[in-house]
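Quick note, the sequences are listed as chains A and B, same order.
Sequential numbering of the first sequence, starting at 1, is according to the working numbering.
Sequential numbering of the second sequence, starting at 101, is according to the working numbering.
Just to be clear, a hint being listed does not mean it is correct.
[Claimed, not checked] Below, simulated PhoX-like cross-link-like pairs (lysine-lysine); rule was C-alpha separation at most 20 Å, straight line:
(1) A:59 with B:140
(2) B:103 with B:159
(3) A:40 with B:153
[What the hints assert, rightly or not] Which chain A residues stay away from chain B? Per the calculated CB distances, all over 10 Å, these:
(4) 14
(5) 17
(6) 41
(7) 55
(8) 59
(9) 71
(10) 79
Just so you know, these hints were derived from the structure itself, not from any lab.
Glycine residues also receive a C-beta, built at the ideal position from the N, C-alpha and C atoms.
Number of protein chains: 2
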Amino acid sequence: MPKIIVEIMPKQDLLDPQGKAVANALRRAGNDVETTRIGKRIELHYKNQPTEKDLEKAKELAKDFLSNSVIEDVVDVYIEGQN
Amino acid sequence: MPKIIVEIMPKQDLLDPQGKAVANALRRAGNDVETTRIGKRIELHYKNQPTEKDLEKAKELAKDFLSNSVIEDVVDVYIEGQN
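Please construct the entire structure, taking both the sequences and the accompanying hints into account.
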């Protein structure tokens with residue numbers, strides 16, 4: 001099924017305790033990861049191949065509905081296979 | 101800071117109640133989205149530009165540590181800017 005992918009991350013200056021816990025665990029296991037951030041990847045599935053208009057609509061939805069602009073940034077919205 | 105991105109989604113045949121709720125709300129608002137699935141986007145931040153070796157390591161971590169293979173699939177692991 002054709003998809004539009006929406007990627008949302010917690011804002012840079014926001015604490016991300018889940019990400020911090022993962023980073024600590026990774027470092028304890030000997031990996032040289034500095035930090036990790038954990039966000040969301042939302043797939044919107046469409047019956048037909050999404051058009052540019054669907055993509056515009058999805059970008060609006062990502063900003064107004066799928067993310068909380070107080071604490072999150074929409075980092076990417078793209079049609080799968082076209083990024 | 102250079103990043104490796106890990107993308108994880110719930111398995112296809114798994115119920116995703118959060119995704120279902122979002123799809124219902126989107127449809128009620130008049131969007132022609134069929135379904136939505138909600139997964140995770142994990143950023144691993146490195147001090148230096150990650151190498152192919154770091155990427156291999158991150159793929160292992162994604163499979164063994166960052167995802168739960170019983171309920172999740174790792175859909176992509178890539179160095180930011182190189183996908």
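- Item | Numbered hints the structure breaks, given as an ascending list | Those not satisfied are hints 3 and 6.
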